[in-house]
Amino acid sequence: MNLTLAKETQMKNRTHSSIDRQPSEWRRVASLTAILCLQLNLGLVTVAATAQQPAQAASPDPTPAPSQAQAQNPGPDQQSQTPTPPAQTAPEAPSPTPGATATPAPLAQQMKQRQPLFAPPQPFDVPMPRSHNPLAPYMPSTAPELNLSNSPRLENLIRDGKIYISLHDAIAVAIENNLDLAYFRYNFPIAQADIQRTKSGATANGVNAVVTQSTQGGFSASSGAGGGGSSGGSAAAGNGGIVTSTLGAGTQVSSFDPYLNFNGFVNHTTTPEVNAFQIGTPLFKTNTIEVLSNYSQSFAIGTNVSASYQGLRQASNSPDFSINPELFSNFAVQITQPVLAGFGLATNERFIRIARRNAQITDLVFKEQVIATVTQVENIYWDLVNAYEAEQINERSLGFANKTLSDDQKQLELQAIPAMQVMTDQSAVATAEGNLTVARASLRLNELLMKNVLTKVDDPSIDEMPVIPLDLKADPDPNADKSMDDLIAEAEKKRPEVAQFEMQAAVQKQSLKDINSELLPTLNMYGLYAGQGVAGPKNPYCDVAQLGPDCSSDLPTGFPSMFVNTFNYSAPEYQVGMTLSINLRNRQVKADQFRAVLDYRKSQIASVQQQKTILFDVRNTKFALEQAQARVEAAQKARDLAQRTFDIIKQEQLLGAKSSADTLAADSALAVAESTLDAAQTTYEKAKADIDRAIGETLERTGVSIDDAKLGVVTH
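If you count by my numbering, then the sequence shown holds residues 17 to 732, one letter each, in order.
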C-alpha cells in the first residue's frame with residue numbers, strides 16, 4: 017500500500033512539474049511522507065530477512081546464489097534493479113544448448129572434476145654415471161639435455177580460449193614448470209658428485225644451495241644460508257683480501273684411489289774412458305732397457321701401501337764383465353702408518369662427512385625453496401583475483417553510469433531535468449571508463465605474471481589468453497586461532513632453516529676435533545720388504561788370459577730365473593723404521609686452530625640470531641594476519657553500509673526526492689567500498705600464506721609433496 021501511494025505521488029509530481037517548475041508545499045509534504053513510508057518498509061524487510069537467515073542456513077536444498085557474472089553483468093530486465101556485490105564464487109559454465117533441462121554446474125566444479133587429458137612430464141632424473149666398462153673412468157660423462165617444454169598439465173586448464181585455473185592448479189603447474197625449482201634440482205646430483213669426489217680423499221667443493229626468486233611478482237625471498245659449506249679450499253672476498261674458511265682444515269688426506277705409475281725406456285750411451293784399463297776399452301758403449309712401475313694406495317685410517325718393481329737389461333762392449341748382457345730386477349713393498357698427526361677415521365674422512373652434510377642441507381634448502389615458490393605463486397594468484405574482481409566492479413560501475421546517462425538523456429528530451437545533469441552523467445561515464453581501462457591494464461599485468469610463473473619458456477599460443485581464477489576466496493586458516501606460543505613451537509619444529517642451522521653447527525663442532533690432529537707432531541712408522549734378482553749369460557768377449565776365473569759366473573742366464581729369484585726370498589731386504597717431524601713453534605697450525613674455535617663461536621651466535629629471526633617472523637606474520645582480518649571485517653561493514661545507502665538513494669530517486677547525481681555518487685562510493693573490500697581480502701589471503709610460510713606449514717596446507725617437487729612431476 018505504501019509503495020502504491022508513493023508511485024501515485026510520483027506520477028502526480030511529474031505531471032505537475034511539466035506545467036510548473038516551482039515545487040509546491042503539498043508536493044514537499046507528499047515526498048516526505050513517501051520517504052518515511054519507504055524507510056519503514058525497508059526496516060520491515062530487513063527484520064524479515066534477518067529472521068529468515070537461520071531457516072535458510074538449515075535448509076537442505078538452498079537456492080543457489082547468483083553467479084558473479086550474472087551479478088556484475090545484469091541483463092536488460094535486471095539493469096533497473098538494485099546492483100548486487102560480486103559474489104565469492106567461480107564463473108558459471110557456458111549456457112546449455114536449447115532444449116536442455118539440466119542446470120549446468122559451476123565452471124570451477126567442472127574444471128576440477130575434469131579428468132586429466134595429458135601425459136605426465138618426464139621426471140627429473142640425473143643419476144651418477146656408473147658403468148662396468150673398465151675404460152669408463154677415463155671417458156667423459158654427460159647429463160641429459162634440458163627439457164624446456166611446458167608441462168602438458170597447462171593444456172588441461174584451457175577451455176574456450178581461456179585459462180581457467182584454481183589455486184591448487186597454479187601450484188601444481190608451477191612445481192612442474194618453475195625455473196627456480198628446475199635450477200635448484202641440479203644441486204642434488206651436484207651434492208652426490210661431491211660425495212663421490214670426497215670418497216677419493218679429495219676436498220669437498222660444496223654446493224651453492226641458496227633460495228632464489230627470479231620469477232617476477234609475489235613473494236620475494238631472501239637468500240637462505242647456503243647448503244654447501246665448502247671445504248678449506250673455499251674462499252670469499254673479505255675486507256683484507258682473500259678470506260679462507262677454516263672449515264675442513266686439518267692434516268693432509270692422501271688419495272684413497274689406487275694409483276699405478278709406469279715408466280719404461282730404451283737408452284744407448286757411448287762414454288770415452290780416460291783409463292781404458294778399468295773398463296777394457298777406450299769407448300764404453302751400453303744399451304739399456306729399463307722398466308719402472310709403482311702402485312700406491314691410502315686408506316681411511318691413514319695407512320699407505322706402496323709397491324714398486326724395477327726391471328733392467330744392460331749390454332756393453334766391455335771385455336771385463338763376466339756376464340753380458342746383465343739382467344736385474346728389484347721388488348719392494350712399504351707400509352707407512354701415521355701414529356700422531358693424520359691418524360684415524362675422524363681426520364681422514366672429514367671431507368666425506370662434510371659432503372654428506374651438504375647433501376642433507378641441500379634437501380632442507382630445497383624444501384625452503386619450494387615453500388618460497390609456493391608462497392610466491394599464492395601471492396600472484398591472489399593479486400590476480402583482486403585484479404579480476406576490480407575489473408568486474410568497474411565494468412558494473414560503467415554499465416550503471418551508461419544506463420543513468422541514457423535515462424537522463426530521455427528525461428532531458430522531455431525537459432524534465434536540466435542539461436547540467438546530463439553533463440554530470442557524461443563526466444561520470446568518462447571517469448568510469450578511465451577506471452575500467454586502468455583495471456583492465458592491471459588485470460593484463462597480473463595475467464602476465466601468472467603465465468610467467470606457469471611456464472618455462474614463452475608460449476605464443478597462450479600469450480593473449482585471459483586467465484580466469486576459479487578460487488575467489490580460500491578456506492579459513494586454522495593458524496588465525498592458534499596462540500603465539502603454539503605457532504612459535506610449530507615453527508621451531510617445522511621450519512627447514514632450524515634443522516639446517518643445527519647441521520651446520522654440527523659440522524663446525526666436528527671441525528674443531530679434526531683440526532686438533534694437525535697440532536700434533538708427525539710420527540710415521542713404516543716397514544719395508546724388498547727382494548732382488550740378477551742374471552745374465554757369460555760374456556763371450558771376456559779376457560780369460562787376463563781375468564782368469566773372473567770370467568766364470570754361476571748366475572742364472574735367463575730372465576725367468578732372474579724374476580723367480582726376485583720373489584723367492586733368495587736375496588731379501590728388511591727394514592723397519594720411523595720418521596718424526598716436529599715444528600718447534602707451530603704458529604700456523606696453532607693460529608688456524610684458534611681461529612676455528614672463534615668461527616665456531618660465531619656460528620653459535622648465528623644460531624641464536626636465527627632463532628630470534630624465526631620468533632620475530634612468526635610474531636610479525638601473526639600480527640599482520642590479525643590486522644588483515646580486522647581490515648576485512650571493517651571493509652565488509654563499510655561495503656554493506658555503502659550498499660544499503662545506494663539502495664535507499666536509488667529508491668528515493670524513483671520517488672523523485674533524489675537526483676541521478678546522488679545515485680551516481682552513491683554508486684561510486686559503493687564501487688570504492690567494494691574495491692577496498694577486495695583489496696583487504698587479498699591482503700588477508702596473502703597474510704594467511706605468509707604465516708604458513710613462517711611456521712613451515714605451507715607444503716602441508718597446500719598438499720605439496722616434496723618428492724614430487726624433486727622429480728618435477730605432481731602426482732598427489
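Possibly wrong hints are sitting among the right ones.
[What the hints assert, rightly or not] The list that follows gives simulated cross-link-like pairs (lysine-lysine, DSS-like), each with its CA atoms no further than 27 Å apart:
#, residue 1, residue 2
1, K498, K653
2, K618, K510
3, K529, K426
4, K426, K674
Note that these hints are calculated values from the structure, not bench results.
>> Would the hint linking K498 and K653 be met if the CA-CA limit is 27 Å?
In response: With a Cα-Cα distance of about 25 Å, the restraint between K498 and K653 holds, given a limit of 27 Å.
> Are the Cα positions of K426 and K674 separated by 27 Å at most?
Replying inline: holds (17 Å)
> Taking 27 Å as the top limit, are the C-alpha atoms of K618 and K510 close enough?
Replying inline: Roughly 24 Å between the alpha carbons, so the hint for K618 and K510 holds.
> Given the hint that K529 pairs with K426, does the C-alpha gap stay at or below 27 Å?
Replying inline: violated (93 Å)
Consistency note: the structure conflicts with earlier hint 3 alone.
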